[in-house]
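K.L.:
Construct the complete structure from the given sequences, taking the supplied hints into account.
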Amino acid sequence: EEKILKIIQQQIKMVQQNRNAAVQRLAALRQTHQTFQKNYMALEKKHSVECDRALVEVRKELDDLQQQFMMEMQKEEMGQMQKYFQSMLLM
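Start counting the sequence shown at 117; every next residue gets the next number (the numbering used here).
It cannot be assumed that every hint is accurate.
Simulated pairs of lysine-lysine, DSS-like, Cα-Cα distance not exceeding 30 angstroms [said to hold, decoys possible]:
hint	residue 1	residue 2
1	191	176
2	129	119
3	161	176
4	199	176
Hint data in this document are derived by calculation from the structure and do not stem from the laboratory.
P.N.:
Pasting the structure below:
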């Protein structure tokens, strides 16, 4: 009977040790998950800011190109009008 009691106590001790190890692994896993989630959110925010910054830059470049295009069109129209008026004067 004493042997059986000793075996049961050893088994209880092993179960408690296994449970403690599992609790520690779970705590480490939770900590790792929280760290990952925090880093992921920070990275997502950084990418969002960079994307917004790039979008503003692209819009500015597009506006500049559109303005440059309009200026070139106006110059071309003015040149055509000058040619037309010169041809009218020469007639």
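K.L.:
If a hint holds in the structure, say so; if it does not, say that too.
P.N.:
A quick look at each hint next to the structure:
A threshold of 30 angstroms between alpha carbons decides the hint, and for residue 191 with residue 176 the separation of about 22 angstroms falls inside it, so the pair holds. Restraint check for residue 129 and residue 119: satisfied, since their Cα atoms lie roughly 15 angstroms apart, inside the 30 angstroms limit. A C-alpha spacing of about 23 angstroms is found between residue 161 and residue 176, which places the hinted pair at or below 30 angstroms, so the restraint holds. Restraint check: the Cα-Cα separation between residue 199 and residue 176 comes to about 35 angstroms, which exceeds 30 angstroms; the hinted pair is violated.
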